[in-house]
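If you want the building blocks of each chain, they are given just below.
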Amino acid sequence: MNDYRRQFVRRATALSMGGLAARLAPAGLSALAAPALAQSAPTDYRALVCVFLYGGVDGNNLLVPADSAGYARYAAARPTSSGINLAQSSLLPIQPAGGSALYGMHPALDDIHPLFAQGKLAWLANVGPLVEPTTRLNYLKARPDNLYSHSDQQAQWQSAVADGPSNSGWGGRLADRVTQSVAAGQPFPVVTSASGNNLFITGNASSPLTVPATGGLSLVGLTGSGAAARLSAMQALIAEGQENILVQAAGSTTAKAIALSAQVNPILTSSASRMQPFFQGQTSGIAQQLLQVAKLIEARGVLGARRQVFFVSLGSFDTHSNELAAMENLLGQLSPALKSFYDATQLLGVADQVTTFSLSDFGRTFRPASGAGSDHAWGNHHFIMGGAVKGGRLYGTYPVLQFGGPDDADTEGRWIPTTAVDQYGATLARWFGATTADVGAIFPNLGKFGAADLGFLA
Amino acid sequence: MRKTRPLPVWLSALALVGTPLAIQAAAPVPVVEYIHGASGNFLITPDAGERVRVETGATPEVTRTGGQFSVWANESDDARARPVCRFVSPAGPKGSSAQLLSIDPSECDTTRASGRWLDAGIAFYAAAAGTYGCAEGTTAIWRVPQSVDAAGLTRYRYTPESTLASRTGKRLPAPAFCAPLSDEDREQDARRLLLQASFGPTPADVAEVVRLGPAEWLDRQLRLPVTAYTAFPAVAATRPSTCIDDRTLPLRPDSFCARDNYTLFPLQAEFFRHALSQPDQLRGRMAWALSQIFVVSGLDNGRNYAVRHYQQMLRDHAFGNYLDLLREVTLSPVMGDYLDMVNNAKETANTTPNENYAREILQLFSIGLYYLNQDGTPIRDAQGKLVPTYDLDEIEGFARVFTGWTYPTAPGAADRNINPRHYVGSMRAVDANHEFGEKRLLDGIVARGGMTMAQDLDFALRNIFLHENVAPFISQQLIQRLVTSNPSPGYVERISAVFDNNGIGRRGDLAAVVRAILLDPEARGARKIDPAYGKLTEPAVWMTRILRAFGGRSDGVALRAQSATLAQPVFYSPSVFNYFSPQQAIAGTSLLGPEFGILGTSTAIARANTANTLVYSTLIPPDTTVYGATGTALDFTGWLPAAASSEVLVDKIDRELMNRRLTLRTKSVMRTAIDAVPATDPLNRVRAAAWLAVTSPQFSVER
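Residue numbers (the working numbering), protein chains in the order written: chain E, 1 to 458; chain X, 1 to 703.
Simulated from the structure, these hints should not be mistaken for lab results. In this text, a Cβ means the ideal position worked out from N, Cα and C, and glycines have one as well. There may be inaccurate statements among the hints.
As the list claims (entries may be wrong) - Computed beta-carbon distance windows for the label pairs: (1) E/Q242 to X/A644: 45 to 53 angstroms; (2) E/G119 to X/I244: 44 to 52 angstroms; (3) X/I244 to E/Q180: 57 to 65 angstroms.
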């Protein structure tokens, strides 16, 4: 993260929130817009923000045992000569509550590292798609389809269905359910993606909004004489050819886009937004996407939104080679963007109502691959960030770092998950407002696993 | 032979009162299909007067299906014309009764003799099917049993749509007869062929296809010389500090050294320039399709010269053999770098061979994850489960095969076991890094140890090539890339058969495969009405379609930028899984729609806005940072004469862009929008019409 932004964040935290807002919002507009947002914002607001790390992030280097015995096991398997060793001294130490073991976060996660000690960040160890509780002895019998394939494991993480294809994701199904309960009557779509379409956001009944990773959402050029007639003709053309399903689908997406753009565009392009300064100087895609999310949360009152699920992503984690440099670069984009986003929710007074969490294709082999990288594996470590997180803890069970050991599916260090995606998702969904019946419907295999609530959210 | 007039009128069989048909024209006349709501009975009529009555609301219980074909009204209209006899069922109520049409004189006689049908004389004239189906210039009409009417007689549907005749089967059922394609049909089919096989129909190309016929046009396309991307000299792997983007004026060809050598900017722009004008359009489309199966990405390798070589290789092999293509892809240093086969070493104490290429060559480039039938449907085991094509053992086997290859040696450099990055030519074999032991491959085959590296690779690639999945896996994807997102199993099976054997015993002949894909009845023929038919045009081709329809010219610079806005940055796929998946479902349906993977509210708006930029810019100005830039512009000159009358203009739009699918109602709303622009401003009248056309979902779905 660049020096300018570091200074800015320091300054920002030093200032009172009201003072910051007053300094950053242009005069005039702030007087109108900001109180309007504040007044109408529902008090019962919750948002989930899914950060998908495409390619399969190497969790073995996100969260490393840092005490001498633990690190020795790590370094024996990933020696400096492998090209993917993180030096013990470079690790950012964390001491999870309720345990004696010391861990270290990847050095590029420096911006969010302090949140762990502040109790706003937690880790969930060795979570992944499972068909049923699985051990080294039985994993060949019932394992997720096409283990170690990007597309399939992405789908399993996004759908929380490991034993067959699914046409919907758990973000979308969560939206389907809350639309019938805590978000009943909400005029604005529950789900918004700043990173295109994907399975996670696809529901059975609800359909998501996608916004550009940066900038507004509006039709241009519809001005001047004849513009109104042209817009109505465009809408008449959208209604044509409905006998063809593809035409119908393309048309309904366009119609919906036009309808929602009128609502969303002013928010994404508003000069009264107080969110931009938090992300000043960050040009990464993930920072831009999280800025879009922050702007929509800021406008939750105008939108009448009580429940929102957001999807953002960062790609290129498929580090088969040159892993160290690649992760340094990617986490160097992710970490400041996450911290900026957390700070932005604090300014909005919703830090306790917004929970951010990571998903990824799969973990990677603990054994280094030829070319200073690692190959596709299975269980992985993920973070959960936000004011509602019971942070400073490590949830789940960290695997035994031993090739061919009790947690290894083979001999390469492909960790068999000890916590299911279903449990991870259900914990987030319960906090979001889903009932027991809801989570049973959203996560059809949840009953096969132990705790339905992993307890990392208050 | 004297023409016999049908007895009861067509749609009624059925008691609609109508005047008998009076047909004099020698050209084919249309037959239009309707459905009787209550019974679900399909009805057809060539009677124009009857159609007018129905469509003006005289019979609300009968509605148009969209199905249509043409017939001859007189035997003398064409040398191939033969009478089609017609019988109607005595059953009521009106609209629900069966009718039987046949071109087979003996079937006509048998039916007449049965006494169960009312003889309605000769319906019209058509051609009889030959041993190989219907001749060029005609389209097969299938007689498909639907249900039974009150008299116990079979209700048939008469349709040119192969998917309605059969969705399965290597061979389609024999057609009932062959209907002549009217001039309009031929023009629509030509336009559809150009949607499938080019970067968009131009008026000149439509005329050319009509003149030559689809088969001859395709054969000429297959023989055209390959358009070549401009060759860029190899550059250092890491950008030298002297190679920068220098904004000092005047601009020199090498001012933007960094951008033009270390990003794919020049290649992307040239891709669009070629798409707009290359004579070998089909090769261009095929190479573009292949680049979305055998994916490499500028995200990981922006060296323009390197990816240029790779994309040129795809063009060179687009009509060659699949096995050769697979070998070229495998040994390409660009692919080697992208999927980590380059410098992949045999097992050491700490590392195992890299599995990346092994995994993706199987999952994405050849066989897929599950055993497939030849029609592309998955094979299921006794428990109904899908059957995986490989497991970790096979992945490890292939990973070991793909060891020992390093970058090609640059000219003037010495061979090394780990060569520095260089992307011209094929990867170089290094015995010292190769695993020579035996390897487990597909279908239980084990490659014996001790073969040379070349033998090892050849053995493994042939093991893949001969796998039964390759034909349906690749055929289905090529159909999806060119013709339709949801091909019937029968279509896939017919193409798989050609993949397996091109007619002279060769497997993997891609020219034969693409020819079969584009000449199949599911691709060709009269208007398509299957509700699942067609594909959403991908953004890059959607733009070239607009330019080619309106005489556009471009240096490609603006188009490359817009392609990113539309979520399809050319040659910058987000991952090896392409911009979208062939298995992508259309939300809320059971259909596949790969291109829908990148259509959301955000990109839907972006499409309309891109259309605005293209249509309403007199000239998208030349990029001042690009040497020799000329910008992008459409040319509406040819359209201006039509602008005076909104009716003439909308009809031209309907014919040239909408394949005559606009309804009267929409035409009238479009005319209102056009007439809102003063007649003194013909250019903006044309622009309004053009913008409305290209932003419509009907334009965006090829069918």
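Hints and how they fare:
One distance hint, 45 to 53 angstroms for the beta-carbon pair E/Q242 and X/A644, is violated here, with the actual separation near 32 angstroms. The given range of 44 to 52 angstroms is respected by E/G119 and X/I244, whose C-beta atoms sit roughly 48 angstroms from each other. Between X/I244 and E/Q180 the CB atoms are about 58 angstroms apart, so this pair conforms to the stated range of 57 to 65 angstroms.
In terms of the numbered hints stated before, the structure departs from hint 1 and from no other.
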